[in-house]
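Protein chains: 4
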Amino acid sequence: MKAGQEEHRKKLSGVFAPITTPFDSQGKIFLGKLASNIQRLNQSRLRGYLVLGTNGEFRSLSVEEQMEVLRVVVDTASPDKTVMAGTGAESTKVSIDLCHQAAEMGAHYGSLITPFFFAKKMTDRALIGHFSQVAEASPSPVLLYNNPGVTGITMSTGVVKEVSSHPKIFGMKDSSPGNLSAYILSAQQGFYLLAGSANFFFTGLLMGAVGGVLSLANCFPDPCCDLYDLGVTGKLEEGKALQYQLMSLNQLVSGKFGVAGVKAAMDCTGFYGGPPRAPLLPLTADEQKKLHDDLVASGFLK
Amino acid sequence: MKAGQEEHRKKLSGVFAPITTPFDSQGKIFLGKLASNIQRLNQSRLRGYLVLGTNGEFRSLSVEEQMEVLRVVVDTASPDKTVMAGTGAESTKVSIDLCHQAAEMGAHYGSLITPFFFAKKMTDRALIGHFSQVAEASPSPVLLYNNPGVTGITMSTGVVKEVSSHPKIFGMKDSSPGNLSAYILSAQQGFYLLAGSANFFFTGLLMGAVGGVLSLANCFPDPCCDLYDLGVTGKLEEGKALQYQLMSLNQLVSGKFGVAGVKAAMDCTGFYGGPPRAPLLPLTADEQKKLHDDLVASGFLK
Amino acid sequence: MKAGQEEHRKKLSGVFAPITTPFDSQGKIFLGKLASNIQRLNQSRLRGYLVLGTNGEFRSLSVEEQMEVLRVVVDTASPDKTVMAGTGAESTKVSIDLCHQAAEMGAHYGSLITPFFFAKKMTDRALIGHFSQVAEASPSPVLLYNNPGVTGITMSTGVVKEVSSHPKIFGMKDSSPGNLSAYILSAQQGFYLLAGSANFFFTGLLMGAVGGVLSLANCFPDPCCDLYDLGVTGKLEEGKALQYQLMSLNQLVSGKFGVAGVKAAMDCTGFYGGPPRAPLLPLTADEQKKLHDDLVASGFLK
Amino acid sequence: MKAGQEEHRKKLSGVFAPITTPFDSQGKIFLGKLASNIQRLNQSRLRGYLVLGTNGEFRSLSVEEQMEVLRVVVDTASPDKTVMAGTGAESTKVSIDLCHQAAEMGAHYGSLITPFFFAKKMTDRALIGHFSQVAEASPSPVLLYNNPGVTGITMSTGVVKEVSSHPKIFGMKDSSPGNLSAYILSAQQGFYLLAGSANFFFTGLLMGAVGGVLSLANCFPDPCCDLYDLGVTGKLEEGKALQYQLMSLNQLVSGKFGVAGVKAAMDCTGFYGGPPRAPLLPLTADEQKKLHDDLVASGFLK
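Residue numbers (my numbering), protein chains in the order written: chain G, 5 to 306; chain C, 5 to 306; chain R, 5 to 306; chain L, 5 to 306.
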């Protein structure tokens, strides 16, 4: 039994929004809008926030900007919300530095994407060393982040098996297609899995995931939380129906347009989305119009 | 005719070493060793240095560390050497910031790797916008850097055709397998290609590349410069023979071990290589011994 | 409503074994062993057989051999078993020829793998044309077969949406990681999904798949059928537990060794597995011994 | 020294056309057109023909059709032309059968594509076993065929090193981007490399390849033979110029449209191209018109 594992289970159980970073039309960070987005999300049943993840365009920000963003979220989040911060860099040393900075800001967890610049050299041994050393040195507990669509690296179940017993590593966000169950099976006690996409959230919960980090939660937090409730209570028929509705919705937004689509959907739902930072391109006016119509047709946008 | 294109051709023609970043056994940057490496390379016929590239483990450094490294190289390089600095980040804005910092330090060119975190969204339009905007805002001229082995993105010939006429973009380092000629064919006047690997340096020169950025130049600058001379003078038989020798050598060093191998070979040849920064792993003692023996057997290490 | 769709639903609902092709030590097909394997599987609750699929090494056989194999299975299968035969070739014309031959032999369905030799040209339009024309010309109904791990092509949901309304196309075996739900969502009435791996069989059933084609069913048909029963009756806890047990088992057998492992596990469980056909390599003696021990330790091999 | 190696060098030195298979509008093979294409190519300086390769859509034909095609080419080819036939199947056994059939028809060499259906299992050991066993059993000498763009497998230099000493394996057609020199370096005596694309034909010749199998040779045999002459005589400036012209031409034809483009260009140049076999799609009328105009503009189509 890992120290504190039950408390961590509670802090990680539920739906998390991977917070987007608002920019103005010049590409400057718009901290006021970030605060107002968080204030509104505070009213929801979301379990918490992941700041500085893929949807937060964290690699498009300077480290100074990253910390400004994190400060606003930590300062604005209501006390019951768990705050995770992306602190994974390409080297062990820089990741440790970011864990220190994020912990000082008040983030509850550091989230460590697999280093991938030297992807061909990221053997199990290299990754195990990296995650263990960062966890060891980090003031706060850490989570892993597996996203082969971005990194080109699919975490092996052997890595999960090995590092899941580490006393300061408490889980993983998995955005890979089709591996979530295999990771749950490989994980040792006190290591919790979070579905990294609405596409497999309901089945993930049924198979033992404790929650999800869903880009849709930025614009549609309520149905995401509804699906969580159906999953943990094992309501098969209703859950299946809502799962398919959210998959369709997710396809319209994130599947088709990525971060730019999430932001455009936020603009449709009363949040501030705004443009992504270049070289990411925003939706064209036609695409935005079409997205709005599609969201209305889906029934989720009233 | 692009303003200054002949002068740029001269500054880019020849062999460049993609400088490695020396670390001590704790992973701290070892600036004294960097300076002594450069002092020794200053004695060679190398045309110049690429600082903060893949072999420099630039993404494994903090921005502060990057600038320390660049400052030492700029301060130590003899005045006849051209200094390029990796200034490509994941966003247009951060890339521009880095171009400013590097130019202030005294780098002659910024080298822009294709942004790749959002690889699936890096359409030609996105990349053309990125490169053009960075070049526009940069105080110094810039070069592109195409390395699909790292980024997963193969620059299209359409992008090269479009941006090669930009008045501040003067060339590209191409590390892709088999595309160098296609880029030369697509490039407009005043845009110069550099081979990004010893494996196709000689044929690249024969087809019109003006030089190369060769990891081998860190440890074996002389034969690299010999091959350059054979290429530009069209000495087919000698060039072919040396090309095959350097391919074998390159396979032993970089092909097998990547950056860690380049550093280990530097340790064999009187430079300071040292360990790579974690999570990259150094060669084992056995691998180092074998590499030394292989280098001796190759005839290049006396 | 598609003509006959309810009857097809019945014929496709349950567990299918993707029959392996037995060879002797010289690589000659061992038809007697094939018959005895089928006779034994006839005693199980399996819904039927897929002959000439990936596990049948169909592309390693001549067309004459394929038809010999199919004849034995059709002649030996008990009348209640559904027989599907791999009839997908690289051209529309040859696929149609194979559908004719298989139907004459008595196969109930032709199974059409996506053509993939010219993978880069297999646009949605090309695939829709192919599947529709083969179905049109085939004497028997057909199923699609999506296996990107082999073909490099992930069927788009647009293709499924389009061809699922075809009056002679009744479903798809999906072996891709993580897309099964998306295909179910895209399919029109009378188009049934079969999970192509034990790894996502239980969740697939919960989300609406009607059955599975599971390599494990060649050697362990009973627990596969048990899992099917738990899935269709929505027994969450027992189903989850068995799902995880079968995932572990599957990893030992097919995950680690592919077809050669399935055959070796058959040799452990009283079926005839035998060697795969070269260039596929059989397990070494050590690997076979280890597999046997692992199967005993798993509890599935008594 | 390998028996007969000098004679094989002669038979393999020069330009080969990878013969396309003509179909009528119903997808039926048009043998008369095949014969007339060959008759016309017999007048050229081509060294010979590769029948049943990628451009021959060999995997889209039944084995009976393959042999009909081969018979026509063998019967029509002038005696000085070397005829290679694609005889590589997914299993060692079927490949051997095809080698026998092709040799009986009169083909001089069998060409063995790497088996790739079970690509993940095609280890060096599996491939070495395959090629050696097929060569051993084949009545005629064999060549390897490396085309990762189709197979997903890049032959390792270790495989080439090992099998290149086999007394019945005399060379390889390499269509991979950027590896040709590495294969030449790895090959033992009496193993000859053929460039599999016009894109690297000239540099390949300079580095030691003895010839090329060029899809352009189907429609523009003369400039391909001119480039060969410039390569073997080391005419750098003229060779470079023609190489770039043929790269542009190749991009218009094969690069853009694949086999369908080669056939369309044949229709423009007085050969019979015709449509590819479904599911490959022919060029649209607009694309054909544009291709014709582009070929005229290139100067190669008078």
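Simulated from the structure, these hints should not be mistaken for laboratory data. Hints are not guaranteed to be accurate.
No distinction is drawn between identical chains; accordingly, a pair holds when it is met within one copy or between any pair of copies.
[Said to hold, decoys possible] In silico SDA-like cross-links for lysine to any residue, where the CA-CA straight-line distance does not exceed 25 angstroms:
#, residue 1, residue 2
1, K32, Q105
2, K124, L285
3, K260, C272
4, K244, M5
5, K260, S302
6, K124, S160
7, K37, D84
8, K32, L246
9, K124, G259
10, K306, G133
For clarity, every value in this text was computed on a predicted model and none was experimentally measured.
Outcome of the hint check:
no. : hint        : in the structure
1   : K32 - Q105  : both (22 angstroms within a copy, 19 angstroms between copies)
2   : K124 - L285 : between (29 angstroms within a copy, 12 angstroms between copies)
3   : K260 - C272 : within (16 angstroms within a copy, 40 angstroms between copies)
4   : K244 - M5   : between (34 angstroms within a copy, 23 angstroms between copies)
5   : K260 - S302 : within (15 angstroms within a copy, 39 angstroms between copies)
6   : K124 - S160 : both (14 angstroms within a copy, 17 angstroms between copies)
7   : K37 - D84   : within (21 angstroms within a copy, 51 angstroms between copies)
8   : K32 - L246  : neither (37 angstroms within a copy, 50 angstroms between copies)
9   : K124 - G259 : between (27 angstroms within a copy, 12 angstroms between copies)
10  : K306 - G133 : neither (49 angstroms within a copy, 36 angstroms between copies)
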